[in-house]
Amino acid sequence: MDYIAMSTGFILILIGLFGALTNRNILRMIVAFTVADTGVNLVIVGVGYMRGRTAPILDSAVAAADAVARIIDPVPQALVLTAIVIGVGVTALMLAYAYKLYEKKHTLDIAKFTELKW
Amino acid sequence: MVSRFFVLLLLTGVGAIFVSLMFGYVPDDALNLTARYYAENTVRDTGAANIVTAIVVTYRGLDTLGEVTVLFLTAAIVGLVLAGSQQGRLRREQPAPGELLVTGTRLLVPLTLLLGVYVFVNGHLTPGGGFQGGAILASAILMLLLADPLREFSHPLISAIESISGLVFVAIGLLGMVYAGGFLDNRILPLGTLGDLISAGAIPVIYSFIGLKVGAEFSSMMVNLSETEEP
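Listed in order, the protein sequences are those of chains R and L.
In terms of this note's numbering, the first sequence opens at residue 35 and continues consecutively.
In terms of this note's numbering, the second sequence opens at residue 2 and continues consecutively.
Isolated chain L (complex conformation) (with noise of 0.2 Å):
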């Protein structure tokens, strides 16, 4: 076939252009500029234990905002795109779920919820954060979807939440400017110790309400997706 033929010409290109990447590729002996002034300036500026939190929610926190923004733009358009299609489902008769998946559902939901929330409040601390405990949070939402493909959930709630946290994530911001020393400041609480949970100023507040919100925009695309089933 001519096109697979061309294909083939072009992933030999890249991957020469990969290839002659990877030798001339010589890893670097110490940390560059902007990674030593983390390094250095990550514990007096912010009092995060995870510097690359601290980069996330304070450094380059109007990233992440914007980085959120996308995420909530893509639900509601995912919410849009499908929104005609999601014409009353019928009731018809479903294989019942297994007696496993309905009891593991039971049992596993509360303690994923759990989990979602131990990673998100202590992304200061630990690997993990708001995005990491948000997905985690939405896995338990995609667990009660397969046990129950039919089951309803109310729109109305997950868009207030994630508005709500939104809002928040917005508007501690802006105490950043009034209180401290820029916008998504998180100097506006005080630092604490280094390694305790309450500490880092305002970024476990920050990265809560963004696995708060991760998770109603990961949980609404999930619901719209799974809504659309054919009857």
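For reference, chain R alone in the conformation it holds in the complex (with noise of 0.2 Å):
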């Protein structure tokens, strides 16, 4: 279960840069990278599984007195849930400056910024 959580994790790290790098449209760059930080997100709660624990919250089916021996780590859910946060942040500075461009050159594609290439 781990391993499939992280190698689709991976799996998606990837598709995303591959989007990314690939793309010439600055929209589905920007979809590509929203699809490479679920990868990421994926792969750092994959790595907090464990085999055979439960979430990490006490109620009647976990006691408090046994709850290192039942749940799983909760740093990397904290983690991931502060990840997805600023990802949606990312996310809408890259649409706002997207909207930017587009209003400026009438053009999504980034072959026509030419402005930084040397």
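Worth flagging that the hints you see were computed from the coordinates, not collected in a lab.
Heads up, a few of these hints could be off.
Under 7 Å between C-beta atoms, here's a sample of chain R residues computed to sit facing chain L [stated by the list, open to error]: (1) Phe44; (2) Phe52; (3) Gly53; (4) Ala95; (5) Val96; (6) Ala98; (7) Pro108; (8) Gln111; (9) Ala112; (10) Ile144.
Idealized CB from N, CA, C, for every residue including glycine.
Both chains come to you apart, so use the hints to assemble them.
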């Protein structure tokens, strides 16, 4: 199970990198980046998973006393919670800048933006 | 194409690194030191049933403050960058939104708002919390925008909700320095019994305000982006 999640995450990262490097359209690049972002999150959560254990929430099923033996690592989950939120922020910024670029040149083709090319 | 070839070469290299990482990975049998501390002491320290929430709001509360600051900056920069583009939207003939969409929105928006509030109020007991609940709140706003793209949202109201919740968050953190162990310590309120809605000290209060703040920030991003729509 943990290997399925991790390999899916790695494959998503590769797909995202491939899309970001080969697409010419800025919007498609942004979508590719969010795919890679999801892959990274999946890998981190997969690393925190431990076989035969349950979610780090204490209730009638998991008593506080034997929590150490029953729950998975909560730290990667807290990290991914942060990463998802920051990912949303990054995506929103990319979209805003993409709109600005479109407004300037009326195209989203990255090859048309040559100001920083050498 | 040469560039495509180099991209594939690069991806093969990265993929090889990933494969070696995967095969070298050995899952832990027991919790590591940090996780063990959290598992053993969360109930005594914070009284929260959801350990992830205890980490996000109390143990690593300062990081969460930084995180909502990043979100705030993002929302502000999106507003700033797009400010010049939002010249008065012309009222043109819009195709009427479908009856299903309008009626469905009317039915679903209050329920979605309620679900969002439920998720962030119960953040210390169930999976969920301020960030998730805030995103659900913002999805209600997104539904309103879908049903009527030209709807005007009150920017001052959104900013007021956002700034007030941010201020309350910091104020509760400072109260923790005065009445409890340190910044963002949740023991300024009684911890209560594990599993009750009103328990875990200040965590539900802090997470509710984080939920409102995140909801307002996401909404302001979406409203700003939607207002750039070409008339």
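Okay, the hints, checked on the actual structure:
no., hint, in the structure
1, Phe44, "4 Å, holds"
2, Phe52, "6 Å, holds"
3, Gly53, "10 Å, violated"
4, Ala95, "11 Å, violated"
5, Val96, "9 Å, violated"
6, Ala98, "4 Å, holds"
7, Pro108, "4 Å, holds"
8, Gln111, "5 Å, holds"
9, Ala112, "4 Å, holds"
10, Ile144, "12 Å, violated"
Checked against the numbered hints above, the structure violates hints 3, 4, 5, 10; every other hint is satisfied.
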